[in-house]
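Each chain is listed here by its residues.
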Amino acid sequence: MASVRKALQSDHAAGWAFAGPAVFLIVLFGVVPIIWSAVMSFQRTNLLNAPEWVGLANYKALSKDPLFKQSVEHSVIYTALFVPISITGGLLAAVALNRKIRGIRWYRTAFFVPVVVSTIATVIIFLWLFDPTYGIVNWILSRLGFGPVGFLESSSGALYSIVGLTVWGWIGFDVIIYLAALQGIPGELLEAAEIDGAGHWGILRNITVPLLGPVTLFLVIYSSINALQLFDEVYLATRGGPGTATYVVVFYLYDLAFNQGVAGYAAAIAYVLFIAILVLTVVQLVIGKRLVHYSS
Amino acid sequence: MSDTRAVPAPSAEDAFRIRVPLEDEEPPKRRFLFSWWHLVLLPLAFVMILPLIWMIVTSFETLNETRTFPPVLLPHSLQWSNYGEVLRQAPFAQWFTNTLVVTTATVAGNLLLCSLAGYAFARIKFFGREVVFLLVLATLMVPLQVVIIPTFLIVKRLGLIDTLGALIVPSLTEAFGIFMLRQFFRTLPIELEEAARIDGASRLGILFKIVLPLSGPALATLAVIQFTWTWNDFLWPLVTIFSPNHMTLQLGLATFQGAHASNTNLLMAANVMSLIPVLILFFVAQRYFIRGIATTGLKG
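Protein chains in written order, with the working numbering: chain S, 1 to 296; chain H, 1001 to 1300.
To be clear, the hints were calculated from the coordinates, so they are not data collected in a lab.
Cβ atoms here follow ideal geometry from the backbone N, Cα and C, with glycine treated the same way.
Do not take every clue at face value.
Restraint ranges, calculated between C-beta atoms of paired labels, are given here [as the list claims (entries may be wrong)]:
(1) Phe1034/H with Phe146/S: 31 to 39 Å
(2) Gln1094/H with His293/S: 49 to 57 Å
(3) Pro242/S with Ile1056/H: 39 to 47 Å
(4) Gly241/S with Pro1189/H: 55 to 63 Å
(5) Phe1034/H with Gly147/S: 33 to 41 Å
(6) Ala1093/H with Trp53/S: 28 to 36 Å
(7) Ile1056/H with Gly147/S: 21 to 29 Å
(8) Pro51/S with Val1040/H: 57 to 65 Å
(9) Phe1127/H with Trp106/S: 49 to 57 Å
(10) Pro242/S with His1076/H: 31 to 39 Å
(11) Arg143/S with Gly1084/H: 28 to 36 Å
I would like the entire structure built from these sequences, with the hints used as guidance.
Shown next as structure tokens:
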């Protein structure tokens, strides 16, 4: 009896009582699906009938699938544009916003607000801004002597239009992270550089940017992960179109799993994407370690 | 469920030391000094805000005004009726209620369950703690797409497909919340808890009477993050909900867009209504939003 009581009062029971419910949910909706998904990628299954074991067939089919190849290319192009544009833009905006002048709160808020605007709202707004016939962007372009441009409705412009609207929605995120980091840079350091005769540009290039190295590395990794997982914007703005012009990896995966019911094949794509993201992250970390210097 | 749980920020502990880039602001009140930076910042801020202004302007136009080129920059009169029309044509109030229910449930669930688990991982030594914690962290690294199909099948087996339960149950605990609160609890001085323990307080008593009251900012940040994730989530509701009456605001808005693609004015009015709650929360709880973003990446 005494030992039962002791066990009940022990840390083990308390620990599991506290963590148990959360851990149960994490296992059920996190760990189990990860393993199940791996198993599924070796099966032929349509979510309805009993799955059939096919070994590596899904992965082999993947390497010969032209639409998968195209989706990968689009994802890579998108990531290669989105990551540098949003991060460089975010850095420049943060530097401009990092000063104590009248109304600075409002300027910052203008950059922050799009971050909380949902994807569907963003897409609806940009479909309208980019409307080929009545859109205000084409009107502005026509006043400047350009256009009209098809934007999301043209195969050549759709992917770039998606880059544009996601940069608008995300740049505030980079600005917030950079602003927080910039405010951590000691003012004396910048003053010293100014006394030594460094100009604005020199200070930015030789002092600010290197000091922001760790934050930039984080943003590069984080933005790349998110860019490779692009889905909502494509689904909502173009459904992968026109034609297959904006098919990206996750859109293709969704299409396969939930429209065509090829779940095993889709699971194989999910795992390839997951591994690609892991590899890219490790590569970025290794390169980053050489380039980025952490202050002690 | 959110697909932004990939990589936590530099370190959650650091994140609490991060400055909130809104608080130190406004310059000392002295004579007016014009800064040339206004000439840079004003146009930039205008470009950022223009899409939202244009959305609001269009939401007050007549259908004919939206079908004019060059665009009508100022509507002839304010068509408030657009908003009424949206409410008549779509179960907006229902979508709003659904989203509110789902959001409230997941925020409450995460605050409670992540507090309990976070505290256990931070302060209680129990069998298997390290392994289980690593498991929790591992799920944080896996993108949503990897788990979405099996999660769908599990939720289907639980009989939750096409119910609000499908949106609530799998999100009652996010690994991120456990991780964040664990990191935060570890920064609190342990002496207070030890003193309470000597006075005979139970673990639960310590958590609720000592630890949580000291954790206001962390809990508020977690609540805001979870709120925004759930409120703006799209892919998971898209996959699990089919009946219009069970849709969330985002999913409903997407179907509304499909049905009224050419009624731009109504679409924009619907859009404005969907944004109002989040924008109000943003302005009320701005510092927690900013901290939430600086901690994690709030964006879905």
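- Query: For this structure, which hints from the list above don't hold up?
  - Reply: Numbers 3 and 6 - these are the hints that the structure violates, sorted from lowest upward.
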